[in-house]
Amino acid sequence: MKKLINSPDSVVSDALAGVAAAHPALAVDIENKVITRAGGPTPGKVGLVSGGGSGHEPLHGGFVGYGMLDAACPGEVFTSPVPDQMLAATRAVDGGAGVLHIVKNYTGDVLNFQMAAELADDDGIAVTPVVVNDDVAVQDSLYTAGRRGVGATVSVEKIAGALAERGSALAEVAAVASEVNERSRSFGVALTSCTVPAAGKPTFELGEAEIELGIGIHGEPGRQRGPLVPASEITAAALDAIHADLPLAGDLLVMVNGMGGTPLIELYVVYNEVNRYVTGKGARIARNLVGNYITSLDMQGFSITVCQLSDALTELWDAPVDTPALRWGR
Amino acid sequence: MDAAFFRAWLAEAGTVIEAQRDHLTQLDAAIGDADHGINLARGFAAIAAELQQAVTPTPGSVLVKAGATLISKVGGASGPLYGMALRSAGKSLGDSADADLPALAACLEAALAGVQKLGAAREGEKTMVDALAPAVGALQKAIAEGAPAAAALTSAAAAAADGAQATISMQALKGRASYLGPRSVGHEDPGAASTALIFGALRDVAVRQAP
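Protein sequences appear in the order of chains P and H. Counting in our numbering, the first sequence runs without a single skipped number right up to 330 at its last residue. Counting in our numbering, the second sequence runs without a single skipped number right up to 1211 at its last residue.
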């Protein structure tokens, strides 16, 4: 598998150096692997910290900026960051109003953020974690590590970020973050796996006529294998899974997200199918995103995230944002 | 067993994990995200570097420092879990300059308790606990039967290896493999495999040292 890298060991550092050079509004600490807003914390504002393995770009570094995150902690590829990173980020964004940790529900992320929050507590910084667990492909049961945090992470970061920018208190910002998570459901499909730089070959093999349904974002196999069928059927399968869990109704925020290796033209083919399916159920897509927002390196595939909107949430979604990956209203 | 013994153990563990890095990564590709070998190799290399310059006069301090290094450097679930295991083991050894066999058994029991408290895994859920728990049990049994260190640790390493093999038929109830549900059956758990390697290293250092 061909990659545009210098060496597997330097991928993350080289990429962070690129991010730093491309985005002067960001402060990138390459050694400690923390990305923050160049202007520093806003006094009196809740600071938003998120993080996770590298390989999901633009998540999370691409979402640092006005109206969204204050800091992002990139780990090694597909590996949660370490507590030191989250602690450094937490200290860096503390404006005196406390810090929100947005944590995707993976054992590693949860454990490392937990350790960091305890260390931050020693520093006297109030930290509230919110766990994102929107993936419907995994049953949330005693028999699993719980539902994965996937696409809803983007809308949680945006909407909570908007409320924090208004100066709301930590408890309220955390509450709106949880609300967005609870109103969101996601499902992903892969046409290929992905190749982790250090491994040099795809994490799993899919035949020419096979797809993987119910995938996560780390290249791992999904809920089940299926035959390659037209986009309309694949999309319907994904939306059936979402609709079965949380019936599609009212005004929706829909994200059709590319897994990294799928061209935009195909994402629009999928969006067309999503739009037809949603209106067929009597619901309405009020806001949307189509593109690469939470990826899995070079995986070909897509994920759909649906969030049931309210007037208040729509207003927060529309609020100005200025980050490398999302920019409007300014 | 003094601080040097424990440093030698960790060095040996690092060597064997580096040698088996691709194998561990392959196990993790089957039911995870293909980074276990890479992460643990990096962690143990960091331990080696840290121990070269840190002052660790006692067995306890060696393990606590090693645990803290893994927590700081590895990330993922392995960092906190293996880090907590070593940290808990180190704390259990206290300040003594030397650990006898029963103290070693007690510290490995503490490691198991630490891991189970943090990760909430029980035996049979297809995790590192499925190698660690049998190893601790076998070690205690061997000690009770009067075995000397080398023989007791050989028994522990065998139990860890058997435990890792036993994970093949289990369905994962924890961690990333749990998302696969029944599809995780038929694959050895990478955490159990690396835990078995770590016990193998402990056995090898003890055997080399045996009179």
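Where hints are given, some of them may not hold.
[Stated by the list, open to error] So, partial list: chain H residues that the calculated Cβ filter (under 7 Å) puts toward chain P: (1) 1029; (2) 1032; (3) 1038; (4) 1068; (5) 1072; (6) 1165; (7) 1166; (8) 1169; (9) 1173; (10) 1175; (11) 1179.
[Claimed, not checked] Label pairs and their computed distance ranges (CB to CB): (12) P:245 x H:1147: 24 to 30 Å; (13) P:25 x H:1165: 52 to 58 Å; (14) P:245 x H:1208: 42 to 48 Å; (15) H:1120 x P:245: 21 to 27 Å; (16) P:5 x H:1045: 16 to 22 Å; (17) P:4 x H:1145: 42 to 48 Å; (18) P:4 x H:1144: 38 to 44 Å; (19) H:1100 x P:225: 52 to 58 Å; (20) P:245 x H:1045: 22 to 28 Å; (21) P:229 x H:1185: 26 to 32 Å.
[Stated by the list, open to error] Here are the simulated lysine to any residue pairs, SDA-like style, with alpha carbons at most 20 Å apart: (22) H:1065 x H:1050; (23) H:1091 x P:119; (24) P:201 x H:1117; (25) P:201 x H:1022; (26) P:201 x H:1019; (27) P:45 x P:169; (28) H:1091 x H:1018; (29) H:1117 x P:279; (30) H:1117 x P:3; (31) H:1091 x H:1101; (32) H:1065 x P:324; (33) H:1117 x P:114; (34) P:201 x H:1204; (35) P:201 x H:1101; (36) P:201 x H:1050; (37) P:281 x P:237; (38) H:1091 x H:1005; (39) H:1117 x P:281; (40) P:201 x H:1030.
No lab work stands behind these hints, which were simulated from the structure alone. Treat the numbers as computed from the prediction; the structure is a model and nothing was measured. Built from N, CA and C at the ideal position, the CB exists for glycine as well.
Here's how the hints hold up against the structure:
no.: 1; hint: 1029; in the structure: holds, 5 Å
no.: 2; hint: 1032; in the structure: holds, 6 Å
no.: 3; hint: 1038; in the structure: holds, 5 Å
no.: 4; hint: 1068; in the structure: violated, 10 Å
no.: 5; hint: 1072; in the structure: holds, 5 Å
no.: 6; hint: 1165; in the structure: violated, 22 Å
no.: 7; hint: 1166; in the structure: violated, 19 Å
no.: 8; hint: 1169; in the structure: violated, 16 Å
no.: 9; hint: 1173; in the structure: holds, 5 Å
no.: 10; hint: 1175; in the structure: holds, 5 Å
no.: 11; hint: 1179; in the structure: holds, 5 Å
no.: 12; hint: P:245 x H:1147: 24 to 30 Å; in the structure: violated, 55 Å
no.: 13; hint: P:25 x H:1165: 52 to 58 Å; in the structure: holds, 53 Å
no.: 14; hint: P:245 x H:1208: 42 to 48 Å; in the structure: violated, 57 Å
no.: 15; hint: H:1120 x P:245: 21 to 27 Å; in the structure: holds, 25 Å
no.: 16; hint: P:5 x H:1045: 16 to 22 Å; in the structure: holds, 21 Å
no.: 17; hint: P:4 x H:1145: 42 to 48 Å; in the structure: violated, 59 Å
no.: 18; hint: P:4 x H:1144: 38 to 44 Å; in the structure: violated, 59 Å
no.: 19; hint: H:1100 x P:225: 52 to 58 Å; in the structure: holds, 53 Å
no.: 20; hint: P:245 x H:1045: 22 to 28 Å; in the structure: violated, 43 Å
no.: 21; hint: P:229 x H:1185: 26 to 32 Å; in the structure: holds, 27 Å
no.: 22; hint: H:1065 x H:1050; in the structure: holds, 8 Å
no.: 23; hint: H:1091 x P:119; in the structure: holds, 19 Å
no.: 24; hint: P:201 x H:1117; in the structure: violated, 36 Å
no.: 25; hint: P:201 x H:1022; in the structure: holds, 12 Å
no.: 26; hint: P:201 x H:1019; in the structure: holds, 19 Å
no.: 27; hint: P:45 x P:169; in the structure: holds, 8 Å
no.: 28; hint: H:1091 x H:1018; in the structure: violated, 27 Å
no.: 29; hint: H:1117 x P:279; in the structure: violated, 48 Å
no.: 30; hint: H:1117 x P:3; in the structure: violated, 41 Å
no.: 31; hint: H:1091 x H:1101; in the structure: holds, 16 Å
no.: 32; hint: H:1065 x P:324; in the structure: violated, 39 Å
no.: 33; hint: H:1117 x P:114; in the structure: holds, 14 Å
no.: 34; hint: P:201 x H:1204; in the structure: violated, 33 Å
no.: 35; hint: P:201 x H:1101; in the structure: violated, 44 Å
no.: 36; hint: P:201 x H:1050; in the structure: violated, 32 Å
no.: 37; hint: P:281 x P:237; in the structure: holds, 14 Å
no.: 38; hint: H:1091 x H:1005; in the structure: holds, 17 Å
no.: 39; hint: H:1117 x P:281; in the structure: violated, 46 Å
no.: 40; hint: P:201 x H:1030; in the structure: holds, 13 Å
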